[in-house]
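**Student:** What follows is the residue order along each chain.
Protein chains: 2
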Amino acid sequence: MTDPAVSTAPTASDPVPSERLIGDLPRRTPREAAELIPERATLLVSGFGGVGYPKLVPEALAAGDPRELTVVSGGGVGDEIDRDLVESGDMRRRYPFVPNEHAREAVNEGRVQFHDRHISRLADEVRFGGIREGMVGERVAVVEAVAVGPDWLIPSTSIGHAPAYVETADRVIVEMNRAQPLELARVHDVHVRADPPNREPIPLSDPLDETDGPAIRFDAGKLAAVVKTDRADDPYEFREPSAVDETIAENLRSFLEVEIGRNPMLASAVNLQFGVGSLGNALMGALADIEFGDRDVAYVGEVVQDGLLDMLDAGDLRGASATSLALSAEGQERFFENVAEYAADVVLRPADISNAPELIDRFGVVGVNSAVEVDLYGNVNATHIRGTHIVNGIGGGGDFSRNCRLGIIALPSTAVDGDVSRIVPVTSHVDHTEHDASVVVTEHGVADLRGKSPRERSAALTAVADPSFQDDLRAYRERAGEGGNTPHDLGSAHSWQ
Amino acid sequence: MTDPAVSTAPTASDPVPSERLIGDLPRRTPREAAELIPERATLLVSGFGGVGYPKLVPEALAAGDPRELTVVSGGGVGDEIDRDLVESGDMRRRYPFVPNEHAREAVNEGRVQFHDRHISRLADEVRFGGIREGMVGERVAVVEAVAVGPDWLIPSTSIGHAPAYVETADRVIVEMNRAQPLELARVHDVHVRADPPNREPIPLSDPLDETDGPAIRFDAGKLAAVVKTDRADDPYEFREPSAVDETIAENLRSFLEVEIGRNPMLASAVNLQFGVGSLGNALMGALADIEFGDRDVAYVGEVVQDGLLDMLDAGDLRGASATSLALSAEGQERFFENVAEYAADVVLRPADISNAPELIDRFGVVGVNSAVEVDLYGNVNATHIRGTHIVNGIGGGGDFSRNCRLGIIALPSTAVDGDVSRIVPVTSHVDHTEHDASVVVTEHGVADLRGKSPRERSAALTAVADPSFQDDLRAYRERAGEGGNTPHDLGSAHSWQ
Numbered sequence: 001m002t003d004p005a006v007s008t009a010p011t012a013s014d015p016v017p018s019e020r021l022i023g024d025l026p027r028r029t030p031r032e033a034a035e036l037i038p039e040r041a042t043l044l045v046s047g048f049g050g051v052g053y054p055k056l057v058p059e060a061l062a063a064g065d066p067r068e069l070t071v072v073s074g075g076g077v078g079d080e081i082d083r084d085l086v087e088s089g090d091m092r093r094r095y096p097f098v099p100n101e102h103a104r105e106a107v108n109e110g111r112v113q114f115h116d117r118h119i120s121r122l123a124d125e126v127r128f129g130g131i132r133e134g135m136v137g138e139r140v141a142v143v144e145a146v147a148v149g150p151d152w153l154i155p156s157t158s159i160g161h162a163p164a165y166v167e168t169a170d171r172v173i174v175e176m177n178r179a180q181p182l183e184l185a186r187v188h189d190v191h192v193r194a195d196p197p198n199r200e201p202i203p204l205s206d207p208l209d210e211t212d213g214p215a216i217r218f219d220a221g222k223l224a225a226v227v228k229t230d231r232a233d234d235p236y237e238f239r240e241p242s243a244v245d246e247t248i249a250e251n252l253r254s255f256l257e258v259e260i261g262r263n264p265m266l267a268s269a270v271n272l273q274f275g276v277g278s279l280g281n282a283l284m285g286a287l288a289d290i291e292f293g294d295r296d297v298a299y300v301g302e303v304v305q306d307g308l309l310d311m312l313d314a315g316d317l318r319g320a321s322a323t324s325l326a327l328s329a330e331g332q333e334r335f336f337e338n339v340a341e342y343a344a345d346v347v348l349r350p351a352d353i354s355n356a357p358e359l360i361d362r363f364g365v366v367g368v369n370s371a372v373e374v375d376l377y378g379n380v381n382a383t384h385i386r387g388t389h390i391v392n393g394i395g396g397g398g399d400f401s402r403n404c405r406l407g408i409i410a411l412p413s414t415a416v417d418g419d420v421s422r423i424v425p426v427t428s429h430v431d432h433t434e435h436d437a438s439v440v441v442t443e444h445g446v447a448d449l450r451g452k453s454p455r456e457r458s459a460a461l462t463a464v465a466d467p468s469f470q471d472d473l474r475a476y477r478e479r480a481g482e483g484g485n486t487p488h489d490l491g492s493a494h495s496w497q
Numbered sequence: 001m002t003d004p005a006v007s008t009a010p011t012a013s014d015p016v017p018s019e020r021l022i023g024d025l026p027r028r029t030p031r032e033a034a035e036l037i038p039e040r041a042t043l044l045v046s047g048f049g050g051v052g053y054p055k056l057v058p059e060a061l062a063a064g065d066p067r068e069l070t071v072v073s074g075g076g077v078g079d080e081i082d083r084d085l086v087e088s089g090d091m092r093r094r095y096p097f098v099p100n101e102h103a104r105e106a107v108n109e110g111r112v113q114f115h116d117r118h119i120s121r122l123a124d125e126v127r128f129g130g131i132r133e134g135m136v137g138e139r140v141a142v143v144e145a146v147a148v149g150p151d152w153l154i155p156s157t158s159i160g161h162a163p164a165y166v167e168t169a170d171r172v173i174v175e176m177n178r179a180q181p182l183e184l185a186r187v188h189d190v191h192v193r194a195d196p197p198n199r200e201p202i203p204l205s206d207p208l209d210e211t212d213g214p215a216i217r218f219d220a221g222k223l224a225a226v227v228k229t230d231r232a233d234d235p236y237e238f239r240e241p242s243a244v245d246e247t248i249a250e251n252l253r254s255f256l257e258v259e260i261g262r263n264p265m266l267a268s269a270v271n272l273q274f275g276v277g278s279l280g281n282a283l284m285g286a287l288a289d290i291e292f293g294d295r296d297v298a299y300v301g302e303v304v305q306d307g308l309l310d311m312l313d314a315g316d317l318r319g320a321s322a323t324s325l326a327l328s329a330e331g332q333e334r335f336f337e338n339v340a341e342y343a344a345d346v347v348l349r350p351a352d353i354s355n356a357p358e359l360i361d362r363f364g365v366v367g368v369n370s371a372v373e374v375d376l377y378g379n380v381n382a383t384h385i386r387g388t389h390i391v392n393g394i395g396g397g398g399d400f401s402r403n404c405r406l407g408i409i410a411l412p413s414t415a416v417d418g419d420v421s422r423i424v425p426v427t428s429h430v431d432h433t434e435h436d437a438s439v440v441v442t443e444h445g446v447a448d449l450r451g452k453s454p455r456e457r458s459a460a461l462t463a464v465a466d467p468s469f470q471d472d473l474r475a476y477r478e479r480a481g482e483g484g485n486t487p488h489d490l491g492s493a494h495s496w497q
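So the sequences go chain by chain: V and E.
What the first sequence shows, in full-length UniProt numbering, is residues 1 to 497, in sequence order.
What the second sequence shows, in full-length UniProt numbering, is residues 1 to 497, in sequence order.
Looking at chain V on its own, in the form it has when it is part of the complex (with noise of 0.2 Å):
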């Protein structure tokens, strides 16, 4: 890597360059930059919350020659990866994350190999062989920026694992996006850790801490293609709360209040997490209406969503850590006209800081995700329908369910209009165990399985399920009989999906 001291990268006391391409860089055309790619290759894309990701390149890609590409991305992408990649054929393995339509139903029918990984293990993964089978022929890191130099660049909606890709990466390729604002370098905070054993503790004391500034460096060798672009993003649609969603809101909320005046954890500060998507978007919209006393609340999360914009807006937050603005076009809209002053209060951070384990231990996060489906005894399939249709990939929620100190599962009691519940007697694939999910919440109350044995567990998420599922699980229950320290009756145990 280029001696710091002599880079022109931009630094956090003086985050935004004065251009957005400085120095003598290689520019090219989108098939230009393309026909850098050889025929095999793993290409290690920005790319999170379905916005920061490059588009001119992947496109290009997917009408030149056919190529064997593994696809590796932070978090969610755009149609230019997950629809073109796909369409043209040159898409052969995907990690770690399928939200798009067009990426899943590959992955369903096998034309893409797939497998879904912990978001916050991935940087590691990628450079220590943890996704060994998938890294094939060269290694090209292709990332949006809105400024780029010979040995820097500053990520543009999301930061996802782009440190961690430029640094693998045999080669760099840049897009430079005009239509994201130079100002979104005062949002990013790009600590990378050294590697073990050697790693050092994370150097935040508080999650709002910011230390880095907002350049991902890199070797000057490595930048390939600099490509401009303004294509926007193609964000999240997050459909309006539901009433169940609204109910599921309000129980979590009686909850949460309980929880905050007994909880010696949440005396003076409260440091909550919400999972991606719709659900999610209504919760945090929900927090709003807590009673949080003189508590310092934060966000600490992997995702900005538009929930968080009002009680930004209105001083009910005092800040977010992410590591992508997942916003809806509008939400967009209205953090770019006011990046400056949302800066203060959000920071974006790699993906493997904002997941790490060890910050979220440390801060005490409360995390609140959802799921397909949650068993008699408290195990969360968030992943797959039937055990064997991927929905879209454990994404961050194993990373905050597992090392939370309070995990919560927010899910509507049933799905496909009430035909199907659930909460099952045993779930069709596990993706959190019973060991980390502490509380679940429907819209019929909160099942509060802290210390509980299994036996009491199933008891009191029955008490969540529809009730029109109830006597059906209370019959299970019976069939499962007393033997052993977590009843089942293992040849109907799957009649429910």
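Since the hints were derived computationally from the structure, they do not count as laboratory data.
Idealized CB from N, CA, C, for every residue including glycine.
Careful: at least some of the hints might be erroneous.
What the hints assert, rightly or not - Computed footprint of chain V on chain E; a stretch qualifies when at least three of its residues, placed anywhere within it, have a C-beta under 8 Å from a C-beta of chain V: (1) 103 to 111; (2) 131 to 142; (3) 216 to 222; (4) 261 to 270; (5) 386 to 398; (6) 485 to 497.
Starting from the known structure of chain V, arrange chain E on it as the hints suggest.
**Tutor:** Only chain E this time, still in chain V's reference frame:
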């Protein structure tokens, strides 16, 4: 807490006190001490790996008036707790581990309410309501020590969660055990973290660093009784390694030698953890045959078992960090005769430090744990026979499998004299998800799952199953078809259990 400046507590620089009983202490008989415990109480006891647990007070409790007790230990303890208090009917609830056959039977029959919890989190769970349902009545810590003063004690052969238990307790009862060498003070490093959200990073830059000395400190007013004893631990008995154990060890050795040569994280140092038990002990013993080159090798786990002592004696191991000397009777004798020498290389820590996700990540630990069964997609059942009957509990397996950089599951391919395959279509319980098992080793080979899609995983895992079950596994895979990222035939999924 008493001002440390005026306490008589031993320090890191002067760890061994001149006497075992220092100051004006409330000396009691076991029966007198037991009578201090109210009818309804939560007993927070020392003990981990079957050693360092209190003996006389639980025995006296079992012989005394009826009680309703919750018993929370760090890990495994002896018969005075897990047999006598079960048979007396006093134990109503138990956390987090039941290797003892008497307690386990009561749990599986529903006479004792039990939930297994991650070892790393139990200290915080006791502090912050994580096992709320079980924390009944007065909280009484009962801790075995080698020395005690008015506001401190030095633990004996294990630390477990004694620091958190003493901190949380309303009253503290100490069993000062003369059968445990006073020199064990040299082995202990009792670092206690501040509570979230003001928790600081754990101040270790090397897995063998020592910072705080051997004393567990507490408010002098809490010390209710000091009981003298000289009863020895009732430690583990290890069986001799079987031929299958030795073949698994050989396959693990071959894999690690290749991995060490290609994984940049392991270029200069290798930090290894092995799970508790006879197979773990056999695998530790096999470490001596691995070609580590000039790498520093350390054990970074939760228990020091006999298998490590040979390597320490031969200088093949730089040292060991753990929370328990889970040695056999012979191993204990060997250690006790040379405590001062072993203390130079061995450090015991509180279990929330030995198993801290933060440190497992920081030091790049390679974790090797065993299991009951593994399914075709890499989900791991470590605790439940046929999904219902608990064996020991998850213990620290989830701490290491989830947070280590390379998670290895080592297990025989069959159980019940070859009648039952441990590689199954679907596990009947999940303790470590498909995201956390990177490599599976049996006596038939090594399945390297890293980066493989579920379809590819099923082929790799079938290849390390016992040959007599491979056709059946392939038949299941055919019935499951090609629908979904993780094909299953849920109707026949549990026909193997």
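**Student:** Now look at each hint and say whether the structure bears it out.
**Tutor:** Hint by hint, here is what the structure shows:
1. 103 to 111: Coverage by chain V holds here, the residue count being 4 at a Cβ distance below 8 Å.
2. 131 to 142: holds (count 5)
3. 216 to 222: That given contact is violated, which follows from only 0 residues of the stretch 216 to 222 of chain E lying within Cβ reach (below 8 Å) of chain V.
4. 261 to 270: It holds: at least three residues are needed, and the stretch 261 to 270 of chain E offers 6 whose Cβ sits within less than 8 Å of chain V.
5. 386 to 398: holds (count 7)
6. 485 to 497: With 9 residues in contact (Cβ-Cβ under 8 Å with chain V), the coverage given for the stretch 485 to 497 of chain E holds.
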